Every structure is written in structure tokens, then in C-alpha cells.
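Start from chain C and add chain E according to the hints.
2 protein chains.
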Amino acid sequence: MQISELVQRADVPLATVKFYIREGLLPAGRATSATRADYDENHLARLRLIRSLTVVAGLPLNRVKKILDVIDHPKDSIYETLGTAIDALTGFLPGDQDPDRGCPRAEAALASLGSAYNASDDRMAAFVQLESALRAVEEVGMPADAARLRLYGDHVMAIARAEIDGMSTEDPQAAVQYAVLGTALYEPVLTAIRRLAHQNLAIGVQ
Amino acid sequence: MQISELVQRADVPLATVKFYIREGLLPAGRATSATRADYDENHLARLRLIRSLTVVAGLPLNRVKKILDVIDHPKDSIYETLGTAIDALTGFLPGDQDPDRGCPRAEAALASLGSAYNASDDRMAAFVQLESALRAVEEVGMPADAARLRLYGDHVMAIARAEIDGMSTEDPQAAVQYAVLGTALYEPVLTAIRRLAHQNLAIGVQ
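First to last, the sequence lines map onto chains C and E.
Under the numbering used here, the first residue of the first sequence is numbered 1036, with each subsequent residue one higher.
Under the numbering used here, the first residue of the second sequence is numbered 1036, with each subsequent residue one higher.
Derived by calculation from the structure, the hints in this document are not laboratory data.
Here the structure is a predicted model, which is why all the values come from computation and not from measurement.
C-beta atoms are modelled at their ideal positions from N, C-alpha and C, and glycine is treated no differently.
Hints may contain errors.
[Said to hold, decoys possible] Which residues of chain C face chain E? A partial, calculated answer using Cβ under 10 Å: (1) L1165; (2) S1167; (3) G1188; (4) A1193.
Pulled out of the complex, with its shape left as it was, chain C reads as follows (with noise of 0.2 Å):
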């Protein structure tokens, strides 16, 4: 196809089309002539990958690339590809954290969430962003106690469980991208879903 169905298609600008091929995140097309190129499914699927990343999963461009890039090339063990991958989702760097202060909150969080949550460690961001949004919810005087962790960890447990249940272990580069993408995209559905049963729950309280 040529770039003007490809943008149509993906609902994707031009000038942004040309800037992701200028960035190296999406592969120029095959040249028929001089001004040119041909498109494929592989462009139209990368292109709505990368929409999807930046406009609803609202990660900066920086990050984007980085998870196409763990994408297309997979480390040897899922568990540090798939680590490498959801790092690159936080606004956090693993190691981020003032060593002086460590990470007392989520380390206190993760040890009464019980022996599910015990693999996690200090070097994976998403500890760090714990640590951060346990800190938040203390500062403004909200409650964070044992029961609280306990039923967000119980109920997120049994999600994850049946999310990664769902993931193939035969290819390795679909199964990171099920992975990466299911981290990513089914968060804005979890949240909205979340933020409606508020909306619904509190007209019970009015």
C-alpha cells in the first residue's frame, strides 16, 4: 500500500508516519521508484503497536524505543527480557532510589503481601515506583495498612495469574510481546474500569 492507506489505516498523522521512519522506530518502505515506497500489514501492525504505546498506554518516545527494541530482540530468559521490558514502562529507573533512604515502605508492603510477592527485589523499578506511590498515600494521611495491601495484592495476584496463563511459552518473541503489551494496555482498562466502579459505587452513597 502506499504511505497515504498506511496513514489512513493506522489513524496516524503523516509528518508523525515520517518521523517514526526518521527515529528508526518503524522501518522505511520497499522503494518502487524514485519518491516511492510500498507498505505492508508488518508497517500498518508496528505503526498501531507504537500508537498504542504513546497515546493510550502515554509513554514518551524514549521508552517506546526501548520496548520495540526488547521486543525485537529478546534476551535468552524471559524473566530478564520480560524485567527489561517492564522497567521500561515506569518512570523509574531501577536503582533510582537515594541508597542512603532504601525502599522501607515497599519492602514492608511485599512482606505482608506474603510469600507470592517474594521474588521481587530493589532492582526492579516497579519496587522503586511502590516505594514512591506508598509514600505519596502516607503524606497525604491515607491508609496503607496491612489489610490494604493485602486486598490489592490478593486481587491483582489472581489477575496476573490468569493474564500470564495466557501467554505462549513456545515463541519467545510473541510471548514478550503479549507480555510487554498486556503489562501496558490492559492497564488503562483496569483503571477505567476501576475509576467507573467508583463513580457507580459512590451514587449508592449520595
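Just chain E now, with coordinates in the frame of chain C:
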């Protein structure tokens, strides 16, 4: 306390504090001389609240302003107040959606979630957010079938019920602050726990 102590205790740079005062997000201190002003615990609490909404919840300043305005001036109905505040959390505006397209995915999703989600309607920003998130999931070929949605809907409703149970209904302003902060600030907690759950479960897959 002097502004230097406020800056230190809130862990927010002086220039940022002055900016918040100029923008009307933080009240000015009580002048004690031509060049000095006195700040109290209310200033500190407000500053931590702004910091949490911007840094942790990642909200842009115009939406933080709207949320503070809702907390300061709650409407008569807590449902309406909460709706306005949750609308301000999302990057979407109610009615943002192309009316010719509607929100078919969000409508189908809520229908499959059952009666607990019945009251949701397309005037809610979270409804448009759900449509957009489901469209992104669909476009990259990830599953969003009834079973997956029910998994999310059931667990999220259980979480939301427990969260709303903790809300005071006697003081409307406190209730709104609890609800808004709860929706915004526990979101990163839940997100971080889900990412840790994925990384932990991936260990078992490799």
C-alpha cells in the same frame, strides 16, 4: 514556619513553591514583615497533596488545579462531585469521542460486566477512556473477550467496594478528598503491584 522550612519538609524546590503560590494552587503565607511570611501545617499538607498529584499520579497542572478546586468547593451531590473529580483525572473529556463512532467497545464491555456496572454512562470520561483502551488492545490483536473483562470487573469491583467502605459520609469535603486521592493515588500502588506480580510469575515460566 519560614518558607525555607516548608521547602525542606515538603521536599519541593523553592522556585516550585513560589510558582504554586503565583498560580493560586497554594495560598500565600501570612506576612510578618515586608520580606517575610509565615507558613503553617495547612500549607505543608497542601504542598504534599500537589506534589502527590503531580509527581506520583503524573497529572498535568491544569488537571491538578481542577481537582483542588473540586476538593475546595464540593458540589451538593457527592456523586456529581466525585464524577467531576474523576473526569479531571483522565486525559479524556466527556463527549471527547466522535459521536458518529460512539463507544461500542465500552458499551459491550459494561454489558458483559453485569449489573454492578449498570449506572455507567457515556457522559463519564472513564467510559471514553475504556473505549480507547479496548480499541488499542484490539488493534494489536490482544484478547479482550467477555472472560477477560469479567476477570477484571469482578476483582476490581471487590477492591472498589472495600475502598468506598472506608469513606466517611459525614464530612462531604473529607469524603471527596478521600475519594479523589484514593482513585488517583492508589492507582500507582495497584499498577506497581501488578507489574511485580508479572515479573514474579515470569520466573516460573522461564
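Fill in: Restraint check, 10 Å cut-off on beta carbons, for S1167/C near chain E
holds, 6 Å
Worksheet item: Can we keep the L1165/C interface hint, with Cβ of chain E closer than 10 Å?
Response: Interface hint status for L1165/C: holds (4 Å vs cutoff 10 Å).
Discussion item. Using the nearest Cβ pair, does A1193/C come within less than 10 Å of chain E?
Written reply: holds, 6 Å
Worksheet item: Taking the closest Cβ pair, is G1188/C under 10 Å from chain E?
Response: holds, 6 Å
Hint compliance for this structure: no hint is broken.
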